[in-house]
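Peer 1: Spelled out from the first residue to the last, the chains are:
There are 2 protein chains.
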Amino acid sequence: MANRITELFGIKYPLIQGGMVWCAGWELASSVSNAGGLGIIGAGSMYPEILRDQIAKCKEATDKPFAVNVPLLYPAVEEHMKSIIDFEVPIVFTSAGTPKKWTKHLQSHGIKVVHVVSSAVFAAKSEAAGVDAVVAEGFEAGGHNGREETTTMCLIPSVVDAVEIPVIAAGGLYDGKSMLAAMVLGAEGVQMGSRFVTTEESSAHTAFKEAVLSAGEGATTLTLKELTPVRMMHNDLFKRLVEAKKSGASLDELSEILGRGRAKKGMFEGDLIEGELEIGQIASMLNQITPAGEVVNDIISSYRSAGGDKLGGRFSF
Amino acid sequence: MANRITELFGIKYPLIQGGMVWCAGWELASSVSNAGGLGIIGAGSMYPEILRDQIAKCKEATDKPFAVNVPLLYPAVEEHMKSIIDFEVPIVFTSAGTPKKWTKHLQSHGIKVVHVVSSAVFAAKSEAAGVDAVVAEGFEAGGHNGREETTTMCLIPSVVDAVEIPVIAAGGLYDGKSMLAAMVLGAEGVQMGSRFVTTEESSAHTAFKEAVLSAGEGATTLTLKELTPVRMMHNDLFKRLVEAKKSGASLDELSEILGRGRAKKGMFEGDLIEGELEIGQIASMLNQITPAGEVVNDIISSYRSAGGDKLGGRFSF
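Residue numbers (our numbering), protein chains in the order written: chain Y, 34 to 350; chain X, 34 to 350.
For reference, chain Y alone in the conformation it holds in the complex (with noise of 0.2 angstroms):
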């Protein structure tokens, strides 16, 4: 019984860095998986042309496999699958749309393909789909959830019972305890991204860093419901959209407010008024600015000492 994620990825410990739009570039990446772990590009903020010269940067960066995440409604999919068959990317994350399409395709390219889900049911279509794994993500991750809102504590359980391939947790996990924590619960690995947003080598502004770190108790709320939710900190525009809700506001004029590129304003320019400001619940145990290879090593160290080294089987790596 080794550990499934380490052997599917060909990595050290079975610990990936989320590909966060505006926050996940190569320099992260390549850090996370010199370090070790899995780094993952993230695609959704990136012009077909950008992904290009952020994977050949990470190539040259690391000798180590990582990934690219793509959003699967992302409009330039067909141009950004293309790029990452072209430069032999070793591994997908595939979000936000259906496994179908796409993963048999990549696969045939000798790509392995790990779908993002947020319930049961779409982690077994996703099995069903030929996805070589599952990420697991709970209510109170950052970015994009689901909408029946379960959480990584009943989640994860749920996503183990219902699909045979190894399952990755995602959602309020951030140190060596939440991880095995995860792992206990069955995943054999886990995602996290709030934790890599605040490393030296991402991409996200320092001002919406520095805000990431000052976040306490109740900073961020599952919004959006009707659109797309997302989890977000409760900053100007935040308080707009819910007052508009809560006078009844139709999805268009809801649309009309979020406007566009409002989460680049917010993560990579660093408005932390007017733009949309994407972190998880877990913001509120962040505390320091770090390397994300010290990220990597203290998590790893920390899940040890938590009683990682004694379990054995896929706890041992």
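Honestly, I wouldn't trust all of these hints.
The list makes no distinction among identical chains, and a pair is therefore deemed to hold if it is satisfied within one copy or across any two copies.
Below, in silico cross-link-like pairs of lysine to aspartate or glutamate (DMTMM-like), each with a Cα-Cα straight-line distance of 20 angstroms or less [as the list claims (entries may be wrong)]:
#: 1; residue 1: Lys115; residue 2: Glu82
#: 2; residue 1: Lys115; residue 2: Glu327
#: 3; residue 1: Lys258; residue 2: Glu276
#: 4; residue 1: Lys145; residue 2: Asp194
#: 5; residue 1: Lys278; residue 2: Glu259
#: 6; residue 1: Lys279; residue 2: Glu259
Read the hints as simulated data drawn from the structure, not as lab findings.
The hints should help you fit chain X onto chain Y, whose structure is shown.
Peer 2: Chain X alone, transformed into the frame defined by chain Y:
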């Protein structure tokens, strides 16, 4: 580093059955205590004379420690506390109110006091009020939860950091794996509600127990945040409340729709359409009605095989 929860309560396993309204009477509480956990009588749904009768019967049925849960906003709280002292109940769990008023008084009669919180801020306030331990209850729990929506995975590390007293985790826990996961996060004990609703000894109506067993993913939603937040199953009553909120109903209008006695109607009388059906997200993982003593044995045995027997210190009992 022994387990402080088993020591504090004088029990064999740090496994506590939640004091759920309409579900947790003397039969359930005494069965759990006899099996080595801590059973709790839920006084929130009881008139003073009923509680006295329940305590007397519980004392006849077990010579092990048991507790009473008292929501501090309950009108008959003074009479409840008097009964608890008169009958020498060894442990009280308080919730929904400030622990300042009653903690010292109860402790002066040799009673251990535990307060239920949903945030680190209130955990620290409870510790300052002198309570012996806190229950940290996540967003996924049934019944009444915090407005911050902090999930168990995020809440436990945060509360453990905030206080020195032992922390009991609640919300989304139902078996030995989730018990171990919560303890890896830093808890020294766990409280489970939904799992004990579906026991033979639970006083919930059979129709409600069966509704819980058939609940799937996304079957519950935390609602009524405007009044008192409560996690409800999606029946006609729930849908009317959601529709009213969508059309901008006032607090008074929501209160009028909710009316009085809905929890009794749903959970105790089995009216699945018009009653308030409070249950945790983890209902989706429950699939049979079993004796409460078997549930305790099953959880402890799976806790040990999940790795609890290898970790020593506070994991060992």
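Peer 1: First find the shortest C-alpha distance between Lys115 and Glu82 inside one copy, then the shortest across copies, and answer within, between, both or neither for a cut-off of 20 angstroms.
Peer 2: within (11 angstroms within a copy, 74 angstroms between copies)
Peer 1: Within, between, both or neither: how does the pair Lys279, Glu259 come out at a Cα-Cα threshold of 20 angstroms?
Peer 2: both (13 angstroms within a copy, 12 angstroms between copies)
Peer 1: Taking 20 angstroms as the upper bound on the Cα-Cα distance, should Lys278 and Glu259 be classified as within, between, both, or neither?
Peer 2: This pair counts as both: shortest intra-copy Cα distance 10 angstroms, inter-copy 14 angstroms.
Peer 1: With identical chains, the pair Lys145 and Asp194 could be close in the same copy or across copies; at 20 angstroms between alpha carbons, which is it: within, between, both, or neither?
Peer 2: Close neither inside one copy (22 angstroms) nor across copies (39 angstroms); limit 20 angstroms.
Peer 1: Please sort Lys115 with Glu327 into within, between, both or neither, judging by C-alpha distance up to 20 angstroms.
Peer 2: Close neither inside one copy (33 angstroms) nor across copies (56 angstroms); limit 20 angstroms.
Peer 1: Could you place Lys258 and Glu276 in one of the four classes (within, between, both, neither) given a Cα distance threshold of 20 angstroms?
Peer 2: both (15 angstroms within a copy, 15 angstroms between copies)
Hint violations for this structure: numbers 2, 4, all remaining hints satisfied.
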